[in-house]
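Going down the list, the sequences are from chains A and B.
The numbering of the first sequence is our numbering, which starts it at -19 and goes up by one.
The numbering of the second sequence is our numbering, which starts it at 19 and goes up by one.
Hints in this document: simulated from the structure, not taken from any laboratory.
Using N, Cα and C, we set each Cβ at its ideal position, and we do this for glycine too.
Please note: incorrect hints may appear among the correct ones.
Unchecked claim - Residues from chain A that keep clear of chain B, each with C-beta distances beyond 10 Å, as calculated:
1. F4
2. T27
3. K47
4. K113
5. F116
6. E122
To be verified - Chain B regions said to be covered by chain A (calculated; three or more residues, Cβ under 8 Å):
7. 224 to 231
8. 308 to 321
Given next are the chains, with one letter for each unit.
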Amino acid sequence: MENTFNLSVILPIKTATAKDFDEFFEKAIKSVSEQQTSVNELVIVHTDEELLTKKITEYDFGNLNVKKLVWSDEANFANQVNFGISQSESEWVSILEFDDEYSSIWFKNVKKYSEIYKDVSAFLPIVIDVDEKGTFAGFTNEATFAQNFSQEIGFLTNETLQEYQNFQTSGMAFKKSLVNDFGGIKSNFKLTFVYEFLLRLTFNSVRVMTIPKIGYKHINLREGSIFWNHKYGADKLSENEVKFWIDSAKKEYFFADERPLNYEPQV
Amino acid sequence: MEQNRILKLQKSIENLQSKSSRIYLFVQDTKGNPRASVRYIYQMGMALKNNGFNPIILHEKPEYVGVAEWLGPEYMELPHKPIEGQNLEISPEDFLIIPEIFGFIMEQVKDLPCAKIVLCQAYDHMMETLQPGFGWTNYGFYKCITTSEFQKDYISSIMRGVSTDVLPLYIDEKFKPTSTTQKPIVAVHSRDQRKTLNFIKSFYLKFPQYRWITFRDMRGLTEDEFANSLQECFLSVWIDETSGFGTFPMESMKCGVPVIGKIPSLFPHWINEDNGLWLSEETKLTDFTADFIQNWLEDNIKPELYTEMEKTVSSLSSKETFETSVTKFFTDYLETRYESFNEQLTKLKTEE
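For reference, chain B alone in the conformation it holds in the complex (with noise of 0.2 Å):
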């Protein structure tokens, strides 16, 4: 009995040392509609196996639709899995990544033996599946990764004895500048479509002699046309209470393009009052719309505007930071796991 047991602790830290854990990357199937919080597992994914690592993207159905039609074929040539329908193979050094939407999925998982990781990039949904009064630590899940600091903050204030990481996004480097000029057309997100909707009709009620502005819902755009859809524009208007980071508005200004926003609930660190238009009052969005636009087309806008645009993109991951962050963050975790292993070995070996 013990002799198996010391087999299989062996063969946990082989597969440690090696970095051929599996580490499960669960994503939602979004039927092929574009998703920001998807791009950001399937970019973890591929930058853990860039870098040796052995990653798994886990689904739930067999048939699922998958993102090559909106993010790239590349990131389909990543192993997937589905839970349903087949044994998965889950080992104590394999690696379960979940995001914080899943709370029932967490449930189900809870006994594995595996090393589990919520991924929370909208603290809003944290609470939505779990069960009042419970936590992730009920489900075996003492680890966290986000994507900023006042996300990390809040989550720490909620879910006591989970540490949690932050690995920022990064925004990809077909977002930039275009290389002729701007038109006159707004890009409009919210998580809403309905504030999206009321917001154009209010806008074109109010200011008639701006019909010729075309406003554009950036949904359900494939991340090509998204960044190329952005880079025609000479405003974005966000709206977006509950927002965990701000993609939409780092994207906008990494593309050249100011930004008009309610400030979300949690305030970003990266907010600040010279790199956009931010308002506490979502009905004055209108209002704010239609000055900038009066400015714009009359060339008034001060250029520190831009300057402090560029200011704050510059600040955010590169594709190889963020890449060096998801490699710190799983070899570090590996290591530990490693440590833990050895430790139950020796003493094994030390008991016989």
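Only chain A is shown next, with the shape it has when bound in the complex (with noise of 0.2 Å):
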């Protein structure tokens, strides 16, 4: 169809328990069926937890092509994407987190500029950053257009990425066959997944370019996420963590599948 483009959009969730649950979880599907220009699919990778999998299962997706898919194993974000993307049947594919909306023209735009600039691989959003109380808290994806940041104006090389890590993947579309080149998203990685993604993919010549229009919106730090338990959560992370994960990015993506890391506290 033409006003659809052929990608699919890959939304992994741990639990429904998390605060607000319902209001986010509307949104976000709101916001792919409220797309400009529509997508081929959603796939859904969700934990067998009982109250996610009835919701789930009980919820109306309208006209949306829903692929609902149970995930058994421990949670887990990596490999939850990665399972939904190898399952996915589109050329394109796009991460979504179930408290994060797409904008409803980022697809329409993907589209437009998947035909001009054939050679980009990965497209990414400008995030608007939110926080809970969905108060603005500023831009992601942005600096790319910031002066004397890249070559190229827009786009994300290795280069830059060794300078400057602020960079997100969720809402970027990506071919799929990417990750058939170059590997998945690694899940021993704890904080620094998305960086070595993208350190990855630079470093394979991929060319990674920021489309400069709104097309996702994220809450940052929502009490219970990754990123949140990493920084206040059970799971926080000592100074010298967040270093060694850094560290350990810029040593790792030089490989495409994952090998043992494991941070020892020094004492």
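Dock chain one against chain two, each of which comes alone in its own frame, and use the hints as you go.
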């Protein structure tokens, strides 16, 4: 169809017990169904948590083409995403977090840009970061446009990533083939799995471009989220450990496959 | 004696008939810096050359830098002559065109017997080097060329006894929309560079979240660089209180780049409420720019704005219509001069 983009949205979910889950989930799904240019399918990879399974089974997705996949192993964002990608049936994929939203213009723009920039295999959106109350906190992925940041305005390179880590892959539209060629998101990373993935793509000369349009809304440090847990929760990381994961990302991006990684606290 | 005058008149008439009368176009030496007003003069020279006239670019000193670097080498193929150090040949059938800012040159050439024309592109420079109480007619300039009707009205109200013709400039075909996509870059153009810097600094202070938006001062670029840079932008900001035409907004619109502008003192005829964002207060420029950025990032700009921009630029002169107007103006003027010389010749012959 002319007004459809050949893309699967991958939505990994761990639990329905998160605060305000229903409200977030509703908004996330609506943001997929109300796109100005529709997408092929929505692939939900959810744990077998009873409440979550029930909610997803009973939810009315309207006209969306939804694939519901149960993830029975231990919940893990990267593994669930990789599984969803492997089961998707489109040329392009994009990761959506249940507490985030696409803007309605996002896939219309990805389609337009992918037709113009045929050598680009990954498009980053300008992300609006908000706090839990919805107040604007800042932009992400916009740095590719900042002066003297990148040799080619709008493009992310391995060189610039070495100096600046604050990019995010949720909302990004990328070719499914990239995962086959260069590997998926590594599940043994804490905190810097997105960073390592981008380093790996750019190291392999994948052209990554930011589309200068608002494409995605992300809640910063929502209570219970992965990053909140690393900063404030049970899985809080020390400064040394944060440094360890950044350094590890810089060492591991040469390899497509995961290798054993363990942080050993200094005594 | 009379016979000598007759011969001279016959020679002048011959030159007018064959279009070999010299048309001197005086330009300022911008030392290689691009300037729209100089471009217009060269375009006029080129139009004349292409249509069989005899234009000569006149500059002050022999060591003239020229326009090859920024306008193109083809323009330097027009004949050039310096005023200084040479005996300039000027005959009664020749034409001398002096930009409005060179009042002191008008004074120097007032006794020359040729046809003299003021080229007024910037009305606010008209008085700059004129003596108080002196107008162009005091120096024998009875004709003026300008670029817009609203400048013509203004000039006519000040310079009594001068007949003014409008030869609207054209925007080159190299100003066209990008074949890819626009980038988050704002082109800024002001007559006074301080205004550009003040605008940019105020904007970043007021809207730090948009520090990644690039503002590009469009000064000092060659013609090609200027057009290419403009194409990349998604917005133009125009601050020119004394604009006499509005070349920059026209170039922007032709590139498909919307304009936020401070309305100049002389209200340009092409401004309407749908073809741009026109403000009377300069201090509001930053707020309107931020609003526009947000709307552009969200694909919320009304398509009608782009349609209206296209309509506006479609009414502009093309290179062809510009050449036609220039040719017509000089053909008519040559004709008038021819008739006047012929009359004098007939009279002399009768008296003889």
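Hint by hint, which ones does the structure fall short of?
-> Hints 5, 6 contradicted; others consistent.
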